[in-house]
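Required output: the full structure, derived from the provided sequences and hints.
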Amino acid sequence: MKSNSGYNLMELMVCIAARQLEDGKTAVIGTGMPLAAAMLAQKTAAPSLVILFEAGGVAPKLQRLPISVADSNTQTDGLLHTSMDVIFEACQRGTIDYTFLGGAQIDMYGNINSTMIGTDYNHPKVRLPGSGGANDLASLCWKTLTITPHDKRRFVGKLDFLTTPGYLTGPGARERAGLPEGSGPFKVISTLALMGYDPDSKRMRVESLHPGVTRDQVIENTGFEMLFVDPLPETPEPADNELRILREEVDPLGLVIGKSGQ
Amino acid sequence: MNEQVQSLTPQGELFCSPDVEEARSFFREKPRTMTNKLMSVSEAVSRFVHDGDYIASGGFGGVRIASAVLHEIVRQSKKDLGLSGHTATHDFQILAAGRCFNRCDIAYIVGLEMRGLSPNGRRYMESGAVKMTEWSNATLAWRYKAASMGIPFLPARVVLGTEVMKYSAAKTIECPFTGQKLLAVPALYPDVGIIHVHRADIYGNCQLDGITIADYDVGRSSKRVIITAEHLVDTDEIRKEPIKTLLPFWLVDAVCHVRYGSYPGNMPYEYFSDEEHLAEWIQAEQDPKTFQEFLDKYIYGVNDFAEYLELKGGESRMAELHELEPLRRIGEVPVPAKGGNR
Chain C
1 MKSNSGYNLM ELMVCIAARQ LEDGKTAVIG TGMPLAAAML AQKTAAPSLV
51 ILFEAGGVAP KLQRLPISVA DSNTQTDGLL HTSMDVIFEA CQRGTIDYTF
101 LGGAQIDMYG NINSTMIGTD YNHPKVRLPG SGGANDLASL CWKTLTITPH
151 DKRRFVGKLD FLTTPGYLTG PGARERAGLP EGSGPFKVIS TLALMGYDPD
201 SKRMRVESLH PGVTRDQVIE NTGFEMLFVD PLPETPEPAD NELRILREEV
251 DPLGLVIGKS GQ
Chain U
1 MNEQVQSLTP QGELFCSPDV EEARSFFREK PRTMTNKLMS VSEAVSRFVH
51 DGDYIASGGF GGVRIASAVL HEIVRQSKKD LGLSGHTATH DFQILAAGRC
101 FNRCDIAYIV GLEMRGLSPN GRRYMESGAV KMTEWSNATL AWRYKAASMG
151 IPFLPARVVL GTEVMKYSAA KTIECPFTGQ KLLAVPALYP DVGIIHVHRA
201 DIYGNCQLDG ITIADYDVGR SSKRVIITAE HLVDTDEIRK EPIKTLLPFW
251 LVDAVCHVRY GSYPGNMPYE YFSDEEHLAE WIQAEQDPKT FQEFLDKYIY
301 GVNDFAEYLE LKGGESRMAE LHELEPLRRI GEVPVPAKGG NR
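Chains as they are written, first to last, in my numbering: chain C, 1 to 262; chain U, 1 to 342.
For the record, the hints were derived by calculation from the structure and aren't laboratory data. Please note that a few of the clues may not be correct.
[Stated by the list, open to error] In silico contact screen, one side only, chain U against chain C (beta carbon under 7 Å); selected entries:
id, residue
1, F60
2, G62
3, M114
4, R122
5, G128
6, T133
7, A141
8, V159
9, G210
10, T212
11, K297
12, Y298
Just so you know, even glycine gets a beta-carbon here, dropped at the ideal spot from N, CA and C.
Okay, here's the thing in structure tokens:
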């Protein structure tokens with residue numbers, strides 16, 4: 001998975017994801033690539049980004065990548081050790097800017113499935129974990145980012161199960177359902193491109209193609225009609241200092257960036 | 001998905017009654033005398049966990065879980081339990097191994113966070129043997145909280161518009177003040193709550209260090225509470241830092257002294273998770289026959305949790321996991337219980 005510029009796709013995705021997080025904001029983050037991105041952001045352009053964990057850890061000095069959103073690494077030198085209800089209530093109150101999720105399937109409105117693969121809820125082909133905190137975070141945080149490999153099994157026309165709300169069925173649907181006004185999907189970082197959402201139709205659109213990726217590649221690997229901004233720029237490559245910090249300080253054991261694309 | 005999703009009536013089964021009057025009657029009769037509740041895990045499970053009961057497991061799946069109680073539930077072949085699948089990872093894995101539950105409120109099951117999915121947990125849930133109702137981490141946490149507050153439901157702004165709502169047992173309501181559409185999540189009163197803590201006295205007064213996850217409300221909503229503790233201390237130790245007290249004695253039914261009681265899970269400040277053994281669990285689960293041998297060795301073939309710890313390397317392995325613990329305390333030893341004082 002190494003590109004000829006000397007970084008792999010995981011490293012590319014984490015670096016791009018990190019750049020989406022603005023300094024001076026709050027974020028509830030899950031383990032894996034989202035957390036690697038948030039840690040990298042803290043060590044580069046967003047030093048005062050506050051990272052919270054849904055289990056109750058707030059603003060730890062992250063030394064190692066946590067394995068669980070509750071493990072000791074989410075609590076080291078923290079500002080606050082609290083409980084899950086307190087974290088979700090902070091989201092519901094409107095004080096949390098970002099959340100950052102993964103998921104098995106995503107559709108053109110940024111809705112996510114992490115519950116099951118198959119057609120019959122009672123007899124799933126594959127039972128997946130379910131919402132966890134994903135539904136809650138994507139309902140309540142102001143901006144939702146998603147990071148996922150890009151293929152037709154994941155970017156689907158119809159989800160097998162709608163676990164986590166994106167823009168649901170389009171403009172106004174979140175508000176009609178009772179979800180907080182002005183919240184919703186923000187960015188999707190995939191192995192092929194950086195995507196955002198068209199402000200009018202609320203549909204996913206490519207904002208930049210990763211180096212060496214073509215528009216056709218994105219179309220071929222997407223199960224719905226993808227929109228593109230025009231003109232369509234190339235995603236800036238990871239800078240040397242981003243890669244160095246990511247490899248030496250964020251994930252020296254290669255827990256996230258050592259894994260190849262699935 | 002389409003607009004239909006939003007208008008569909010939730011069709012999941014409500015496994016526990018949110019009847020607050022019934023709960024108040026139960027709590028009215030619950031003994032409040034400060035008596036010695038110290039007992040073995042085996043006795044606690046035989047006395048307080050009955051076939052058909054609804055169980056809430058504290059901690060966060062692989063962090064600060066009451067592993068010894070979970071093993072004992074499997075060893076005593078408890079059946080037809082209900083399970084709150086709240087942040088359930090290794091705790092779910094253990095109870096699924098024993099096929100102990102037949103209904104499950106689901107926020108997070110089968111998954112093991114960054115470790116992957118539980119193959120046996122998947123087989124169990126895909127077999128149709130378990131009735132499922134969908135929730136989320138926040139809604140299950142708030143269901144415990146509503147019960148702790150003694151009210152039949154809490155309003156919330158999550159789950160709306162999704163298929164989690166369709167397969168949940170929540171309802172939508174209109175705010176009487178603003179007209180806002182809200183989700184109503186029903187109070188959840190588990191029959192038994194099991195929580196692992198850092199220290200407890202023999203009466204049930206118990207304290208935690210670090211994040212509390214949902215345990216403040218698990219301990220208050222559950223009709224019966226089993227506490228396992230790393231350290232048994234005198235009541236005076238509890239009184240030194242009362243802000244750390246999770247539950248006072250009258251909420252607790254059983255206290256079990258279980259050193260390394262969260263193993264192979266992480267116990268913040270004490271020891272990190274045993275990732276090698278957790279990987280061994282997943283590996284063994286690949287094949288049902290291999291998994292049966294694994295369970296015969298580690299759960300059915302031992303008398304208690306201490307024998308399981310010995311099989312996994314005993315004190316020397318625990319010392320290694322202590323070294324791996326990022327929050328470990330250097331040279332600080334809790335004052336052990338002398339007994340008697342309050």
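Evaluated hints:
no.	hint	result
1	F60	3 Å, holds
2	G62	6 Å, holds
3	M114	5 Å, holds
4	R122	5 Å, holds
5	G128	6 Å, holds
6	T133	11 Å, violated
7	A141	5 Å, holds
8	V159	6 Å, holds
9	G210	5 Å, holds
10	T212	4 Å, holds
11	K297	25 Å, violated
12	Y298	21 Å, violated
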